[in-house]
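There are 6 protein chains.
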Amino acid sequence: MILIISFVLSLFSFSHASVLDFCVGDLAGPIGPAGYSCKKPSKVTADDFAYSGLGIAGNTSNIIKAAVTPAFDAQFPGLNGLGISAARLDLAGGGVIPLHTHPGASELLVVIQGSILAGFISSSNTVYIKKLNKGDVMVFPQGLLHFQINAGGSSALAIVTFSSSNPGLQILDFALFKSNFPTPLIVETTFLDAALVKKLKAVLGGSG
Amino acid sequence: MILIISFVLSLFSFSHASVLDFCVGDLAGPIGPAGYSCKKPSKVTADDFAYSGLGIAGNTSNIIKAAVTPAFDAQFPGLNGLGISAARLDLAGGGVIPLHTHPGASELLVVIQGSILAGFISSSNTVYIKKLNKGDVMVFPQGLLHFQINAGGSSALAIVTFSSSNPGLQILDFALFKSNFPTPLIVETTFLDAALVKKLKAVLGGSG
Amino acid sequence: MILIISFVLSLFSFSHASVLDFCVGDLAGPIGPAGYSCKKPSKVTADDFAYSGLGIAGNTSNIIKAAVTPAFDAQFPGLNGLGISAARLDLAGGGVIPLHTHPGASELLVVIQGSILAGFISSSNTVYIKKLNKGDVMVFPQGLLHFQINAGGSSALAIVTFSSSNPGLQILDFALFKSNFPTPLIVETTFLDAALVKKLKAVLGGSG
Amino acid sequence: MILIISFVLSLFSFSHASVLDFCVGDLAGPIGPAGYSCKKPSKVTADDFAYSGLGIAGNTSNIIKAAVTPAFDAQFPGLNGLGISAARLDLAGGGVIPLHTHPGASELLVVIQGSILAGFISSSNTVYIKKLNKGDVMVFPQGLLHFQINAGGSSALAIVTFSSSNPGLQILDFALFKSNFPTPLIVETTFLDAALVKKLKAVLGGSG
Amino acid sequence: MILIISFVLSLFSFSHASVLDFCVGDLAGPIGPAGYSCKKPSKVTADDFAYSGLGIAGNTSNIIKAAVTPAFDAQFPGLNGLGISAARLDLAGGGVIPLHTHPGASELLVVIQGSILAGFISSSNTVYIKKLNKGDVMVFPQGLLHFQINAGGSSALAIVTFSSSNPGLQILDFALFKSNFPTPLIVETTFLDAALVKKLKAVLGGSG
Amino acid sequence: MILIISFVLSLFSFSHASVLDFCVGDLAGPIGPAGYSCKKPSKVTADDFAYSGLGIAGNTSNIIKAAVTPAFDAQFPGLNGLGISAARLDLAGGGVIPLHTHPGASELLVVIQGSILAGFISSSNTVYIKKLNKGDVMVFPQGLLHFQINAGGSSALAIVTFSSSNPGLQILDFALFKSNFPTPLIVETTFLDAALVKKLKAVLGGSG
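Residue numbers (the UniProt record's numbering), protein chains in the order written: chain A, 1 to 208; chain B, 1 to 208; chain C, 1 to 208; chain D, 1 to 208; chain E, 1 to 208; chain F, 1 to 208.
Hints in this document: simulated from the structure, not taken from any laboratory.
Owing to the predicted nature of the structure, the values given are computational and were not obtained by experimental measurement.
There could be a bad hint or two in this list.
The list treats identical chains as interchangeable, and a pair is accepted whether it falls inside one copy or across any two copies.
Stated by the list, open to error - Here are the simulated lysine to any residue pairs, SDA-like style, with alpha carbons at most 20 angstroms apart: (1) LYS43 <-> THR60; (2) LYS134 <-> GLY205; (3) LYS65 <-> LEU185; (4) LYS131 <-> LEU196; (5) LYS40 <-> GLY53; (6) LYS40 <-> SER61; (7) LYS130 <-> ASP47; (8) LYS199 <-> LEU117; (9) LYS40 <-> ALA74; (10) LYS65 <-> VAL187; (11) LYS130 <-> SER52; (12) LYS43 <-> PRO30; (13) LYS40 <-> THR126; (14) LYS201 <-> ALA28; (15) LYS130 <-> ASN180; (16) LYS130 <-> ASP48.
Given these sequences and hints, build the entire structure.
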């Protein structure tokens, strides 16, 4: 038997050398267009493939009565290069995830608790809106403006996942009113009222 | 005002013509390597982007005490071409999702209820196993053998999502024992016992 | 000599059969996630690879004093599947291309005439703005909100190209105010004033 | 036992519906940028995944004393969408595969018999040349001009494979001298002699 | 003439600066999801694009009477980023390449000598099996279980190539019986006998 | 109001951490198959997304009476990873961009001034030629030989863009006559005259 084992051990010896089944992100290494550098396979453990941050409810004591808790590659480096990521949406009564896009990914939402009114707007300016109940799923195609609103009386919870390990998140109100986008340029490129822009910048903390 | 509107309507008129933000699958049309043909945009409604099939618990009255309910492009054609899909895992007490692979996708699992012991095996023959509680997330890199087992006393529920709208699913036991794979070839390519192979084929319905 | 030629003709005979150097779009055929069906190679002529639509100035007699003339795959089917497309921007004095995104492509702008103030907003709510003169180039990364404004006294002209044959175009004001997006939902997901929303819908032709 | 089997049969019933592990090309159906339409899975047999055309030596009785026998998706539709294909190179004594490119794929050559001198030219105009013996492998990066020459006294045989199921093949001499490329334009864009161009067109069958 | 040359030298001077026709892997540098870092172009020689390791027969004096000799990017860094790789299969009389998958690539097999019985199992649990003779080619779609068996009396030799420079290799028996996969979990997720699992672990060197 | 702002600031705090909307190339860092390493987001400014090098006419005082001025990722690092790049073509009277390929990209040409005769040759040895006037657009599918000639009396100017941030450029005459490609091998693989090859090497500076 020992003889047989030694035969086997000398066989396929390469399979130890070329482990690129995965590329757990080394957040301290160089980053490239395809993602983070890979942690050394010999230092990778099972903990690198699991993440517990989505188990904790987000704090919804804010003006939108909602919270987004991401599990993107920056939070969960085991996702690096695998083309998938997730986030948790907590919506208190009256909670709203304002209009936003993910520049680099499509999104799939699953309602875990409560009910949610969700929708997106196409390039043809058609709005697709659905009321979703517990267990319902909705998909938001890549890069299009979309929103989620608590449609029931009590708290709602959803898990959303993305077709990228780093989908990005551009919240329309933050892009306009929490950024350094100069007010005259906002007015010129959106037709919004300067007074309204200034008021919303005051609320959200924008400058310029 | 009417003048202004007519100016606007003549502007960007092309945006109505080239709607390919999405490609809702037309299951009756030709299929290509990139997926189903697209349903005509004019026939697409909000219903095409939502799916309610994951809201219903799978039937776990079977030998594995578990059920997989998919929302792949074949069930939910709105996913076609978007690089994402989902499934629901129901695990009764003692339930097991047997060893399997998804040939074309990585998988992200979120525990919704109960606790689950999950793991995968790398190309280097290292096994990465984690016990996951409610809210925990685990990723299974593309194409590798993995499993999920109910690790608590009561029912467990998980939502899994994939980095493809058609991830595929190859269950090891079904590939071997529920297929037409001839028993002598199974024995020769796995070193399993012919008697065992025949016994498992009888249970699972294999031939050959 | 004749002998030699016949030898040659029998050689590499396959190269006539498998012409998929290109896939000129057949706009009447089925569409899939990767684009239009291919026109038969035998019917393809040099005309399929050229397009003259960008040679004509767009009509800027409208409220934005600007026009976008696209050469996407729907207008120029020779681009189908080649991962590139173009458009022409005409900006009269005071002209503005309002805030918009391309859900599926990065954009490269070249100023042909005049000067243009252009910018985009990142996921981190940072605004990157540049004044561009004739010959200057600017890139707008995929899926992010961006704008272009005539920054000189006279007309400006730019050619923009995209990293997709069908980049899509979502104009923020059109998505909000020229669509069927119900006013109460706009207010709830953007914090804008209902009165303002209604006013802009009246101008742009939105409903709901 | 019968009870158990029926349980199993009702489980995972979806796996019969969504078979897109592969997409055997239906050469009669519509073609798109990603390849041929898929043959119905129910009509696919093991024969679709095998091809015997590379077992026959190509006819090298021609001016280049060489032959290329392809197994691209047009000849072997089972490759459709799988990102790989092959060809057989036969080189009689003195045989030459003239300078050529594959517009859409990198190439890997394995010498099966004899010895071959092979090389490619980079974008920096550096030539990388190797003499390869039986069992040696060489890679030619995508889209670069390369050649293979019999470097021994007797016949040589190589198998080449490509990183695409439809790599394309542009043979420099055929593009110039076996096409309808007008002689004055060839002279103008290559600095070659008109007399030489006409002579080579006469040999290879070009017009224009 | 000297004048002309100096004109030319000042032309296209950029083509020396941006050499990324290829990215020969620097095995000592950082690795990312897309592969190894690139060796400096100035240090690249023709030797980087050739590999002689497949010219030597693998040692088949082992229990499977077979050997796999890889030319993946870890062995042949010139393949890095080019989407192709190869391996040599040696099958002595009675030799078997046991059931395995390549998590990230499709495979193309060419029989160079002898005859081989090969097959794969689809997601629908259909087995596609072919007897292949010298010169025959077979394709194994990405991620599916497949095997190769010497089908003749004498030695067989095949060259296999892959649609990735790092296809991975997961051998079923090694994943189960040569790994640290705990025996109770194997039994629970495969329905195999604990006694059989322990026996095969003893032969193959597994633990747990 | 202060209370509200602090609520907002604690919300979505992650969006500051994971900025990978773009990956401005760090030309001094490691390079991988997907491009350059990313400059630190905190060091990125608006200047990184703009480039002024295409505003200057290339020097056409050379034998081809033409100049190519590139804006690839090596010159304009803001393009890194975004799948697009550009170049400026200056053609004096009688100017010619000789036959060339881009190994990794399709090209889109827009005529800005003058008129241009342009064409490409397919894998089937068909030549597609068009005379283009100001404003006309033409596409050259990936990897195929193509050319541009000034077709008017005065200077012509074109902007070309590519479906890659690093398209590569292989000029046929330079590959043959400005490289170290040994003359006997050129003759053998192209059927050109040794005398002609030597003459052109003398003009263009080739060796070997």
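A quick look at each hint next to the structure:
1. LYS43 <-> THR60: neither (37 angstroms within a copy, 33 angstroms between copies)
2. LYS134 <-> GLY205: Neither way: LYS134 and GLY205 sit 35 angstroms apart in one copy and 36 angstroms across, limit 20 angstroms.
3. LYS65 <-> LEU185: between (30 angstroms within a copy, 16 angstroms between copies)
4. LYS131 <-> LEU196: This pair counts as neither: shortest intra-copy Cα distance 30 angstroms, inter-copy 26 angstroms.
5. LYS40 <-> GLY53: neither (24 angstroms within a copy, 26 angstroms between copies)
6. LYS40 <-> SER61: The answer is neither: 41 angstroms in one copy and 33 angstroms across copies each exceed 20 angstroms.
7. LYS130 <-> ASP47: between (37 angstroms within a copy, 7 angstroms between copies)
8. LYS199 <-> LEU117: neither (27 angstroms within a copy, 25 angstroms between copies)
9. LYS40 <-> ALA74: both (17 angstroms within a copy, 14 angstroms between copies)
10. LYS65 <-> VAL187: between (28 angstroms within a copy, 15 angstroms between copies)
11. LYS130 <-> SER52: between (30 angstroms within a copy, 11 angstroms between copies)
12. LYS43 <-> PRO30: For LYS43 and PRO30, the Cα distance is within 20 angstroms both inside one copy (18 angstroms) and across copies (15 angstroms).
13. LYS40 <-> THR126: between (48 angstroms within a copy, 14 angstroms between copies)
14. LYS201 <-> ALA28: neither (35 angstroms within a copy, 39 angstroms between copies)
15. LYS130 <-> ASN180: between (34 angstroms within a copy, 14 angstroms between copies)
16. LYS130 <-> ASP48: between (36 angstroms within a copy, 10 angstroms between copies)
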